[in-house]
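Protein chains in written order, with our numbering: chain B, 1 to 77; chain F, 78 to 238.
I should point out that these hints are in silico values taken from the structure, not numbers from a laboratory. None of the hints are false.
Stretch-level coverage of chain F by chain B, calculated; a stretch enters the list once three of its residues show a Cβ under 8 Å from a Cβ in chain B:
| # | stretch |
| --- | --- |
| 1 | 164–178 |
| 2 | 185–196 |
| 3 | 208–222 |
Cβ coordinates follow ideal geometry from the N, Cα and C atoms, glycine included.
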Amino acid sequence: MKEQILEVLKAHFGSGESPITDDTHLMDDLGGDEFDIVDVFMQLEEKLNISIPEEETFDVMTVSQLIEVVGKHVQSD
Amino acid sequence: MFSQIKLVLFFVMLMGAGGGLWYVQHLKSENEILTLNNAKLEGAVQEQQALIEQQLRDIETQQNINKQISENNAKLNKDLNLANEKFNKVNASGERRDIGALAVAKPKSIQRIEGRREQQRVRCFEIAQGSPLTEEEFNATKKSQINAECTNIANPNYVPY
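Could you put together the complete structure from these sequences and hints?
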């Protein structure tokens, strides 16, 4: 699952100079905006065939938070 | 006989003088009418000239308005393109983001973001009207810390990357 998340992030934000790690910030390090985060969640929902309540995505800012939220639904779905 | 001729000549002269007098009176009368007509025509010419001048001024005003509308249109198009680039930007894979589709699929998220942006816009007006920057605004150097609506005035230490 983590690999798939990283694939989506790389496809969306580009590979960049430094590798994407758990601590990577979606806005500060990858240059995204709030709409990008919503977009990434939509792409992940489609790719992993899951559905994530919007409220759970509101405060996601780092890759580790993203993995945590998506992980809950991949395991439970 | 001779006196009869004199009488006829007298009447002829009298009629000639009368005719001459009538002719002069008629000319005077016509001259007065022509003078009045001329005055009317001159008045009409002046009115026409004033009207033409007014029309020229109106045309100039209309041209200025058209110019302003063109400039406003150009500015609006520029703003629209900027907004389009901002909201529907292209990702690293070359796919264009569709903000409308996002809003339909994730309305709460988009509404929340727009609510925050609206607060930032209000803050932009406050700063533009002289409100001092907060320490947080002044020291913001990361994208997640900035006011995205007016970074240039709200976050002087932020360098886009």
